[in-house]
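Undergrad: Now for the letters of each chain:
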Amino acid sequence: MKVNDILKIEDITVEFILDSGNLRALNKVSLDVKQGEIIGLVGESGSGKTTLTSSILNIVSRPGKIMNGEIWYGNKNILELDINRLNQFRWKEVSMVFQAAQNAMNPILTIQDHFIETVAAHEKNYSEEEVANKAAKLLGYVRLNPERVLKSYPHELSGGMRQRAIIALSLITDPKILILDEPTTALDVITQAYIFEILKELHKKLNLTMIMSTHDVSVVGSMADRIAVMYAGEIVEITDVFTIFNNPHHPYTRGLIMATPSLTDDLNNRKAIKGNPPNLMELPKGCNFAPRCEYCIAKCLDTKPEATMINENHMVRCHNYEEVIARGHITKS
Amino acid sequence: MDTLLKVKNIDKYYKGKDGLFQTNKQVGALVDVSLEVNKGEIIALIGESGCGKTTLGKIVTGLVEPTAGEIFYNSKDIAKMTKTERNQFRREVQMVHQDSYAALNPSRTIFDSLKDPMIRHKVVKNKIEARKKLEELFELVGLTPVDQFMKKYPHQLSGGQRQRVLLTRALSVGPKLIIADEPVSMVDVSLRIALLDLMSKMNKEFGISFIYITHDLATARYIVKGGKIGVMYLGKMVELGELEKVLENPRHPYLQALLSAIPAVDIEISRKRRELPLKSVEMPNPANPPQGCRFNPRCIYAEDICEKKEPELVESRGRVIACHLEEKIPKWTY
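Here the protein sequences come in this chain order: A and B. First residue of the first sequence: 86, per this note's numbering; consecutive thereafter. First residue of the second sequence: 177, per this note's numbering; consecutive thereafter.
Derived by calculation from the structure, the hints in this document are not laboratory data. Note that the structure is predicted; figures quoted are calculated from it, not measured. Errors might be hidden in some of the hints.
What the hints assert, rightly or not - As a list, the in silico DSS-like pairs of lysine-lysine whose alpha-carbon atoms are at most 27 Å apart: (1) A/Lys236 / B/Lys455; (2) A/Lys359 / B/Lys507; (3) B/Lys327 / A/Lys359; (4) B/Lys507 / B/Lys448; (5) A/Lys356 / A/Lys113; (6) B/Lys448 / A/Lys289; (7) A/Lys285 / B/Lys448; (8) B/Lys259 / B/Lys303; (9) B/Lys484 / A/Lys222; (10) A/Lys356 / B/Lys377; (11) B/Lys448 / A/Lys356; (12) A/Lys356 / B/Lys380; (13) B/Lys455 / B/Lys484; (14) B/Lys309 / A/Lys359; (15) B/Lys234 / B/Lys377.
What the hints assert, rightly or not - Facing chain A, according to a computed beta carbon distance under 7 Å, are these residues of chain B, among others: (16) Glu224; (17) Met362; (18) Val365; (19) Ala370; (20) Tyr398; (21) Glu424; (22) Pro439; (23) Val441; (24) Ser446; (25) Arg449; (26) Ser456; (27) Pro460; (28) Val490; (29) Tyr510.
Claimed, not checked - To spell it out: a stretch of chain A is covered by chain B in this simulated footprint if at least three of its residues, at any positions, have a beta carbon under 8 Å from a beta carbon of chain B; those stretches are: (30) 275 to 282; (31) 340 to 353.
Backbone N, C-alpha and C fix where the C-beta goes; we use that ideal spot for every residue, glycine too.
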């Protein structure tokens with residue numbers, strides 16, 4: 086583990102044990118997370134984003150099972166912690182805001198009760214007053230009015246307000262790492278932009294490390310330091326956000342950026358990625374992306390590409406990435 | 177160009193309750209909305225949840241009756257149509273929903289789900305003809321191998337494929353107008369453009385008009401091309417005009433706020449994003465809309481007049497816009 090790494094994911098493999106066979110949702114995924122950075126996980130449904138983020142908390146639910154790998158937080162391998170120590174780790178070291186979390190609140194508890202309940206589950210000594218004060222401070226960070234919100238029931242808040250309250254709730258036990266799984270899906274664009282404004286502020290104020298997953302690469306572009314692109318249970322490219330957008334080396338990354346409609350560029354530049362996301366039960370023999378790839382060469386059909394390090398910070402998993410580079414930077418307008 | 181559909185001063189009020197013992201309250205889902213769709217045109221309706229865009233779609237398809245106002249389809253008032261005319265209208269105006277999973281019966285195969293509307297509208301006489309017609313259409317929309325897709329159940333398809341099935345279902349009865357309500361918002365990003373391209377193809381090859389309802393200005397820009405865009409806020413149209421003109425110089429402060437909220441694909445632009453030009457992000461309660469201009473409590477430019485008087489839609493710079501301060505609003509830059 087490098088000095089400034091806070092979390093090290095090594096060779097994680099997760100399989101879903103199904104009647105029709107084992108479905109490999111994550112295939113030997115490794116990822117180092119640096120203290121204080123924001124990582125964006127980008128991928129389509131089924132690419133393994135949520136499985137990866139759940140693995141970090143060791144909450145992959147049945148029929149899913151972590152088959153292999155290690156997740157190091159400091160000198161602890163999270164996957165080997167017993168349930169008591171795991172509960173000390175969850176929420177206190179790493180907390181997670183789940184997809185559609187705005188619908189995850191208990192309808193018969195006030196927001197304040199949610200905070201108290203959470204602290205009660207993770208701390209031994211606390212006073213309700215202390216919790217309420219801290220909650221009020223955190224709600225202020227997410228730009229909610231604590232006096233009103235703490236007394237409210239979830240249904241009295243809008244979707245965007247609930248999502249912000251959940252973000253505040255996730256911070257009540259001072260976690261070092263915050264995982265956000267599709268934090269703004271199902272919210273309106275303005276609310277989405279606002280939540281990103283708030284997250285940026287929180288990141289600065291609290292020096293949080295953030296891991297943020299989304300299916301829309303443009304969403305995390307505004308705040309991530311690095312982006313990991315996932316496809317069919319693997320990270321196919323990871324590097325700094327500028328390289329991902331301007332000079333991606335993986336055909337899938339390039340395809341994703343080219344397929345995202347924008348407000349400013351020439352519409353003729355936009356192009357769909359052909360085909361459909363792969364069926365994880367019937368993955369191709371060679372590269373998983375080969376059937377949809379316009380850079381596909383003979384080798385791609387029979388050999389899985391290994392991770393290639395372009396430089397210290399840039400990994401790509403593609404046999405033919407030089408051809409992608411040769412196509413040049415992504416042109417704008 | 178010929179007008180296909182004309183929506184004139186539509187109001188839709190729902191009865192809402194303010195509390196358990198209070199008298200019924202009127203919630204204005206749509207207030208005085210007008211819109212014209214020409215033959216072969218694509219129009220985008222933009223707005224956030226609660227702005228009334230879906231209600232407008234439902235009214236246009238005849239699924240919901242407006243409280244006031246008229247809708248003319250081929251110059252005929254849809255409220256006064258004969259049964260035959262009504263059937264023709266029902267066949268020619270189709271809808272594609274956002275949630276493709278909810279829009280298909282999970283216990284029926286794709287073929288079973290798609291054959292019924294064709295037989296019901298007498299597009300085909302029987303199952304055999306329906307199958308033949310569907311085979312052609314499946315080829316056209318790219319659901320191949322055709323045989324396999326016909327036999328499948330909705331859960332066996334990806335979101336993009338199911339959305340293609342819905343477009344095929346709409347296409348199968350020979351529509352003139354398709355209302356597409358957020359058709360790509362639940363579809364993976366890599367597949368969105370392909371679906372939009374398919375809709376463009378249906379528009380070009382068969383001259384089908386589209387009303388594309390969305391909150392996503394970027395996809396709207398992609399599909400509309402030469403057509404119009406209407407921006408809605410809390411049940412009212414606030415800016416309506418040719419998309420190119422409107423986006424080149426967006427005038428309504430709400431539209432400017434929406435634009436600034438959209439994630440940019442251009443990383444240089446997205447990294448230097450400013451704060452949202454809004455006083456508050458919370459949408460007011462539609463049951464209790466603000467006095468005067470409905471946008472005034474959130475508008476950073478609002479003046480006294482905005483609280484007192486509701487702005488009318490007036491023509492300006494080649495579009496209609498409802499803002500008292502239109503002249504004063506600074507030009508928007510990306």
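Undergrad: Determine for every hint whether it applies to the structure shown.
TA: Hints, verified against the model:
{"no.": "1", "hint": "A/Lys236 / B/Lys455", "verdict": "24 Å, holds"}
{"no.": "2", "hint": "A/Lys359 / B/Lys507", "verdict": "39 Å, violated"}
{"no.": "3", "hint": "B/Lys327 / A/Lys359", "verdict": "23 Å, holds"}
{"no.": "4", "hint": "B/Lys507 / B/Lys448", "verdict": "18 Å, holds"}
{"no.": "5", "hint": "A/Lys356 / A/Lys113", "verdict": "31 Å, violated"}
{"no.": "6", "hint": "B/Lys448 / A/Lys289", "verdict": "16 Å, holds"}
{"no.": "7", "hint": "A/Lys285 / B/Lys448", "verdict": "13 Å, holds"}
{"no.": "8", "hint": "B/Lys259 / B/Lys303", "verdict": "25 Å, holds"}
{"no.": "9", "hint": "B/Lys484 / A/Lys222", "verdict": "37 Å, violated"}
{"no.": "10", "hint": "A/Lys356 / B/Lys377", "verdict": "15 Å, holds"}
{"no.": "11", "hint": "B/Lys448 / A/Lys356", "verdict": "26 Å, holds"}
{"no.": "12", "hint": "A/Lys356 / B/Lys380", "verdict": "18 Å, holds"}
{"no.": "13", "hint": "B/Lys455 / B/Lys484", "verdict": "18 Å, holds"}
{"no.": "14", "hint": "B/Lys309 / A/Lys359", "verdict": "25 Å, holds"}
{"no.": "15", "hint": "B/Lys234 / B/Lys377", "verdict": "24 Å, holds"}
{"no.": "16", "hint": "Glu224", "verdict": "4 Å, holds"}
{"no.": "17", "hint": "Met362", "verdict": "9 Å, violated"}
{"no.": "18", "hint": "Val365", "verdict": "5 Å, holds"}
{"no.": "19", "hint": "Ala370", "verdict": "4 Å, holds"}
{"no.": "20", "hint": "Tyr398", "verdict": "4 Å, holds"}
{"no.": "21", "hint": "Glu424", "verdict": "11 Å, violated"}
{"no.": "22", "hint": "Pro439", "verdict": "4 Å, holds"}
{"no.": "23", "hint": "Val441", "verdict": "4 Å, holds"}
{"no.": "24", "hint": "Ser446", "verdict": "4 Å, holds"}
{"no.": "25", "hint": "Arg449", "verdict": "5 Å, holds"}
{"no.": "26", "hint": "Ser456", "verdict": "10 Å, violated"}
{"no.": "27", "hint": "Pro460", "verdict": "11 Å, violated"}
{"no.": "28", "hint": "Val490", "verdict": "25 Å, violated"}
{"no.": "29", "hint": "Tyr510", "verdict": "5 Å, holds"}
{"no.": "30", "hint": "275 to 282", "verdict": "holds (count 6)"}
{"no.": "31", "hint": "340 to 353", "verdict": "holds (count 11)"}
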